[in-house]
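Novice: The primary structure of each chain is shown beneath.
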Amino acid sequence: MKLRRVRPGAIFSAFSAAVCVGIIASGCSSSTSAGAASGTASNPVTLTFWGTYGNGGNKAQTGALNQTIIPAFEKLHPGIKINYVDVPYDSLLQKLETGAAGGTLPDLVRSDITWVPKFASLGVFAQLDGVMSNFQTLAKADYPGTLATAAWHGHYYGLPLDTNTRVLISNMRALSAARISSPPATFAQLQSDATALAAKKIPVFADSGLQAWNILPWIWSGGGNITNPQLTSADGYLNGPKSVAAVQMLVNLYKKGAIPNLITGNTGAVSTQDGLPKATYADILDGPWMHDIWAGQYASFKPVYSPMPTGPGGSVSVVGGEDIVMTASSKYQAADEEFIAFTQSATYQLAMAKTGQMSVVASLGAQEAAQVPYLAPYIAQLKTAKARPAVPEAPQIDTALQDDLTPAFTGKMSVQAALNKAAKDIDPLLTAAK
Amino acid sequence: MLTSTDRPRNDAASAVTGVRPASSGRTRRRRSATPYLFLAPGFALFLALIIYPMVRAFQMSFYDWNIVAGASSKFIGWANYVQAYHDPIFWRSLINSGVYMAMTVPPQIILGLLVATGLRAKAPGRALYRVLFYLPVVTSWVVVSLLFRYLFADVGLVNYVLHGLNLTNGSTSWLGGRWTAMVAVSALGVWKGVGWSMVIFLAALQGVPRELEEAAAVDGAGRWRRFTTVTLHSIWPSVVFVTVMLVIGGFNVFTSVLLMTGGGPADQTQVLLTYMYKQAFSYLDFGYGSAIAVLLTLLVFVLSVIQLRIFRQPRIAGTAS
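Quick note, the sequences are listed as chains B and X, same order. The first sequence stops at residue 434 when you use the numbering used here, and every number in between is there. The second sequence stops at residue 755 when you use the numbering used here, and every number in between is there.
None of these hints come from the bench; they were simulated from the model. Among the hints, a few may not be true.
Cross-link-like lysine-lysine pairs, in silico, DSBU-like; alpha carbons within 30 Å at most [claimed, not checked]:
hint	chain 1	residue 1	chain 2	residue 2
1	B	LYS302	B	LYS59
2	B	LYS256	B	LYS242
3	B	LYS386	B	LYS95
4	B	LYS242	B	LYS255
5	B	LYS242	B	LYS383
6	B	LYS331	X	LYS508
7	B	LYS278	B	LYS354
8	B	LYS424	X	LYS508
9	X	LYS508	B	LYS95
Covered stretches of chain X, as calculated for chain B (at least 3 residues, CB under 8 Å) [unchecked claim]:
hint	segment
10	576–589
11	603–611
C-beta atoms are modelled at their ideal positions from N, C-alpha and C, and glycine is treated no differently.
Next comes chain B alone, as it looks inside the complex (with noise of 0.2 Å):
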């Protein structure tokens, strides 16, 4: 009797606690992988490869990849197989921060570009220049905004994989109710459309905050900076006369009503995703998903794609995008570089473009407007559009950015005095970059 009264409590606290154990044990240590650092047809390598092509339930992207994109890679190179995980991009950036911590990465990511340098400068991800052979060819083809997001300290640590930009969209009823006929297409313009708007009482222009993201192409159209080009101070160039010039010019049109508190962070104001299509705005800045998302939700709306407003600076947009990049713990560099070599090939640039991914490769440029006609303004803009800066301090940037510059536009202070603040917050997170 007494030893049934023992005995069970002891055989299940000792099998609990080897459960334990166990979990502590698994959850502290990093998998390794066995096998060489490149394999052969009858026995591969596997790769594993985490990206964020299904975000939304997008089948297409993860079908372009599954089914056609890795079988021809795999055909090409018998020793190497790809698993790819397809991650939501909300749980990404925990899920390559938790596996960083744990020892648990991945061989490839699909990154967002502006945690390249961030990761880069941890040891996370594996420099590429200088490793790969081929990487300067590579690197050559691509568009040079969209090759600079991979770039940190001097040294390239991904290539671009896809990439994007944003371009000026209109609704022409918005438009046509103030009898304007076409999207502004100067700074100019754009003010004088702001008038007619206003009988109208619709806002010429919306945006959803005032980060690096969507104050940039203002600044750089005006012809002036965030920071100098080797990213190492803010001030004397975000604070510059022109970039003040180009950011009075946007606090001007707030203030007489023609840009909701949309862009100073109000999360309740009308989203430029359903104000533009309801022509509750005349115009918006966005980039080419949106026009699977109002195919799907507002099928009878006809979005008119124009370039990004030109200013004293010219018309100079902000690139987007994913960088391909190699994890340092990865066990097989050299198959991540093939795999990495033919995510810059034809074949895996044009098969994704279908999809809506735009290429990174300029010279793939006419093929690609060709089969996907609604991305040939992007590809244009793409020609001139620029990084916002590459350091690992970005997000607090944009931080600086949205908070600094919000006072400006509540009228609380001068737009000078606004992007002074700014540049002086910044500066020490570029000072800390270094």
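Keeping the supplied structure of chain B fixed, place chain X upon it in accordance with the hints.
Specialist: Coordinates of chain X only, in the frame set by chain B:
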């Protein structure tokens, strides 16, 4: 507990019967180890999943923490705490957390008590109303946060109703300013939390002796007097429990702020947990994020101790009388 109460009884039994105890020394050792073996799995999990992360976070708060496995991190002493001291957004987050707590705890207690008192009486549909009031508690924070974001949108239902009642011009940007956004987030907190308070109070009210209330009534006490001197006095431990838990919960507000305002506009509605999350997972500054977490833990601990001390006094006084 088991061994200390069992042993004298066995000894006494053996003394009466004159029979030598069957248990040997080895068995006694086994039996005395039994409770510890039962406790071991839970304790191991507690150590692994609660204590270890807390100790680790405390350790990280003194480092410029490198998240990469096996990488060395630089010890920087109190630098992360000094950074918090000089960080205006940290202080704003702390104030916002306090404001949220102050705006949500009293309404949850008062409304929870009111609803529980109302639903205590036998009435048709009582069970249905109990379920309806408790329903928000079990709904997803994500879902209701998004729902409230739409309700408080510029063209949302709240503006529509207020305009219809001629209380506003219907153009309030609730989520576009610090204090209006805090009102919106707090409204969600109260709506979602009343049901939880109600359930606790409802359970406590079941234990209030009817004869005491009847005696107070016979003595001429009115409804309000009976409630304050008999009912409230009887459920005081539950009131203390609910208050302490709600204050802790108030300072731990996270999901609703993250989804309704994202801490914006311009970091104006950051609370401690959203700011900690931003530092850790957006900036990868786990050292500073951990320091904020430690400070929050200390704050909540101190507040809880203070509350328990304050609330203990009336109960003792009541008991003595």
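Novice: Please go over all the hints and tell whether each is borne out by the structure.
Specialist: Going down the list of hints, with the structure as the test:
Restraint check: the Cα-Cα separation between LYS302 (chain B) and LYS59 (chain B) comes to about 24 Å, which is no more than 30 Å; the hinted pair holds. As the CA atoms of LYS256 (chain B) and LYS242 (chain B) are separated by approximately 21 Å, the hinted pair is consistent with the 30 Å bound. At roughly 28 Å between alpha-carbon atoms, LYS386 (chain B) and LYS95 (chain B) fall within 30 Å of each other, so this suggested pair holds. Straight-line distance between C-alpha atoms of LYS242 (chain B) and LYS255 (chain B) comes to about 20 Å, which keeps the hinted pair within the 30 Å bound.
In summary, the hint linking LYS242 (chain B) to LYS383 (chain B) is supported, as the alpha carbons are separated by about 22 Å, within the 30 Å threshold. Proximity of LYS331 (chain B) to LYS508 (chain X) is assessed by CA-CA distance (about 28 Å); at most 30 Å being required, the pair is judged to hold. Between the alpha carbons of LYS278 (chain B) and LYS354 (chain B) the distance comes to roughly 28 Å, so the proposed pair stays at or under 30 Å and holds. Proximity of LYS424 (chain B) to LYS508 (chain X) is assessed by CA-CA distance (about 26 Å); at most 30 Å being required, the pair is judged to hold.
With a CA separation close to 24 Å, the supplied pair LYS508 (chain X) and LYS95 (chain B) stays within the 30 Å bound. A stretch counts as covered by a chain when three or more of its residues have a beta carbon under 8 Å from one of that chain; for the segment 576–589 of chain X and chain B the count is 5, and the coverage holds. Taking a C-beta to C-beta cut-off of 8 Å, the segment 603–611 of chain X contributes 4 residues in contact with chain B, enough for the three needed, and the coverage statement holds.
Hint compliance for this structure: no hint is broken.
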